[in-house]
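*Asks:* Using the sequences and the hints given, assemble the complete structure.
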Amino acid sequence: MNIIVLSWRYLWSRPLAASLNLLLLALGLASISFVLLVSQQINRAFERDLAGIDVVVGAKGSPMQLILSGVFHIDAPTGNVPLAAVKELEKNPQVAKVIPISLGDSFRGFRIVGTSLDYIKHYDAQLASGALWDKPMQAVIGSQVARQTGLKAGDAFAGSHGLGGGGESHGQTPYNVVGVLAASGSVLDRLILTSTESVWKVHETDAALDAEDQKILEEERELTLALIQYKTPLAAVTFPRFVNTTTEMQAAAPALEITRLLNMIGVGTDLLKALAGILLLTAGLSVFIALWSAVRERRADLALLRMLGAPPRKIAGLLLYEALWLALLACLLGVLAAQGVMAVAAWALQAEKSVVIGAFVWPIELIVVPIVALGVALAASALPAWEAYRVSVFELLQSR
Amino acid sequence: MITSRQLSYRYVNGPALAFADLEVAQGGVLVLGGASGSGKSTWLALAAGLLQASSGDLTVAGQAVAQLDKVRSDAWRAKTIGFLPQKLHLSAALSVYGNLALSQWAVGQKTDHKSIHAALAALGVAELSERKPSQLSGGQAQRVALARAVLLQPKVVLADEPTASLDDDAASAALDLLLATAARLNATLVIATHDSRIKKHLEAVCRPFLGIKLASSPINTVASSS
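Quick mapping for you: the protein sequence lines, in order, are chains A and B. Per our numbering, the very first residue in the first sequence carries number 9; after that it's consecutive. Per our numbering, the very first residue in the second sequence carries number 5; after that it's consecutive.
It should be emphasised that the hints constitute simulated quantities derived from the structure, not laboratory data. Don't be surprised by glycine CBs; every beta carbon is placed ideally from N, CA and C. Among the clues, some could well be false.
Stated by the list, open to error - Below are the DSSO-like pairs computed for lysine-lysine, each with C-alpha atoms no more than 27 Å apart in a straight line:
(1) A:K99 - A:K160
(2) A:K239 - A:K223
(3) A:K160 - B:K114
(4) A:K68 - A:K99
(5) A:K209 - A:K95
(6) B:K203 - B:K91
(7) A:K239 - A:K68
(8) A:K322 - B:K203
(9) A:K322 - B:K114
(10) A:K95 - A:K129
(11) B:K91 - B:K136
(12) B:K91 - A:K322
(13) A:K209 - A:K99
(14) B:K74 - B:K159
(15) A:K322 - B:K83
(16) B:K83 - B:K159
(17) A:K209 - A:K322
(18) B:K118 - A:K322
(19) B:K136 - A:K322
(20) A:K239 - A:K95
(21) B:K91 - B:K74
Said to hold, decoys possible - Here are a few chain B residues that sit away from chain A, every Cβ distance over 10 Å (derived from the structure):
(22) R9
(23) P19
(24) L26
(25) G31
(26) G37
(27) A65
(28) G66
(29) A68
(30) V75
(31) L170
(32) A175
(33) R188
(34) D199
*Replies:* Shown next, in the form of structure tokens:
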């Protein structure tokens, strides 16, 4: 017999109360764990996809929309900008690298992105099979695209107009899959990549009436947006203003927009945190009431332990250990529940072709959960333990 | 061996109790009689080192109880006193075996399977060791509680109203069991009771028990409100 076994037995001698308290405490801890996991995952996903993109230049409109559509591929783009204007920016001495992005078509809900090979290099993506494109109308697909559509190197497919799928099909100009990227956890996993020329070609072939018309269209070629890396961090001060005032385009700094977005999400997580706090407070109170009534109920038992020769601290320790057992169990249940919900969310987001989040990460911030559990347990058991400490053996002799 | 001289206890804002001098040999039996409120519980508490006497001397098993401080009295009580409470107070959360293991835990000993088994067997309840107290009859429960009281081989066994709410047959059986158990350990047995049957039974029964001297002095209480 030791205090660990004994407190366990005492805890489960009232199974209903123990289960309810465990449930309450576990719910509170699960909410906290969930908030922690979500914010960590979102931050990580954003950071990974941002990967050193200093500024995004595109059509005027909402800067947040520009970032969401151009970097994370979760919103519609703001519009198109002339190719010539972007070429002009390339000559700017502050600009180190320009990655063009052309959007507009999709295949079964996956975006077809016209870009340059720099885009793949930028994310350090590796080929799982096949090769990169070297001609228009060749496509390299992300790992998730390959998995969900069954496409592989050597297959052909026709894109459809629009990003949502179900648009008019570009059947005359099918793409050939030449390569499949290895899963990297970045946004590339759910994209179909091709050269910008391919995107122009698809639309020009569809629209051009004759060779002359084709020429006119070629002169008016457009891009959706451009991802830009600076040569020097100082450019952040002047470059966006330069673009916004002297061109018809807008420049949006992803870091700034993401901070804004996280602040908006932050309201949600704050709300969840508050809810978790209330749950934990309730759980703490409930544990307190349970322990308090346990002391009352077992007063005579505890007094008998004193009579048998147990020092008061041992009696108080018994109560404390009971609370610690609850905390430990609730911790395990809570974290597992939160991870379970995260896994379901990851699966659902992936099915919707939205932000990729990894399941079962164990951020260091989760250490907060056992600390909170311990705190609640100690706070809830302090008074009952003190009451147990003061149990007088003499009462035992007088309880007639 | 229990001796007391000029023992008295005064409650804060309460009555003062003075107890008759007494001397019980090791292995003897002492019956504390008298109506409720006459100080039986107080005397038990003094003997167990739970209360400090206001004046006088009380020596239990060679230890002057007044000289024990709080911390040492817990350890002393654990190895010297076996206690059979009136309501038994077997823990409902634990099995019979667990209840005995609990008293070893209380004094900081490791669970000793052999001595638990021996204590239960000596009282004829070894086969009940896996049962919960709620699955015991009244008589079985009392045997288990007695096994717990003598598990650590105390020199003194304090029994608080051991025959309350028992019919005549059960009461004499319970008493015989107490006497036999105390005699086996050569422990001094103190029975606090207001049950008049006990004294009669003891007088009838004690002579045949060799070595047991009955020191059944009713505690002479001089109760007065202060």
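*Asks:* Against each hint, give a clear statement of whether it holds in the structure.
*Replies:* Comparing the hints with the structure gives:
no. : hint            : verdict
1   : A:K99 - A:K160  : violated, 38 Å
2   : A:K239 - A:K223 : violated, 35 Å
3   : A:K160 - B:K114 : violated, 68 Å
4   : A:K68 - A:K99   : holds, 21 Å
5   : A:K209 - A:K95  : holds, 19 Å
6   : B:K203 - B:K91  : holds, 21 Å
7   : A:K239 - A:K68  : holds, 24 Å
8   : A:K322 - B:K203 : violated, 39 Å
9   : A:K322 - B:K114 : holds, 15 Å
10  : A:K95 - A:K129  : holds, 20 Å
11  : B:K91 - B:K136  : holds, 16 Å
12  : B:K91 - A:K322  : holds, 23 Å
13  : A:K209 - A:K99  : holds, 26 Å
14  : B:K74 - B:K159  : holds, 20 Å
15  : A:K322 - B:K83  : holds, 17 Å
16  : B:K83 - B:K159  : holds, 8 Å
17  : A:K209 - A:K322 : violated, 82 Å
18  : B:K118 - A:K322 : holds, 25 Å
19  : B:K136 - A:K322 : holds, 24 Å
20  : A:K239 - A:K95  : holds, 17 Å
21  : B:K91 - B:K74   : holds, 26 Å
22  : R9              : holds, 23 Å
23  : P19             : holds, 14 Å
24  : L26             : holds, 19 Å
25  : G31             : holds, 22 Å
26  : G37             : holds, 16 Å
27  : A65             : holds, 14 Å
28  : G66             : holds, 18 Å
29  : A68             : holds, 19 Å
30  : V75             : violated, 7 Å
31  : L170            : holds, 15 Å
32  : A175            : holds, 17 Å
33  : R188            : holds, 20 Å
34  : D199            : holds, 13 Å
The structure does not agree with the numbered hints 1, 2, 3, 8, 17 and 30 stated previously, though it agrees with the rest.
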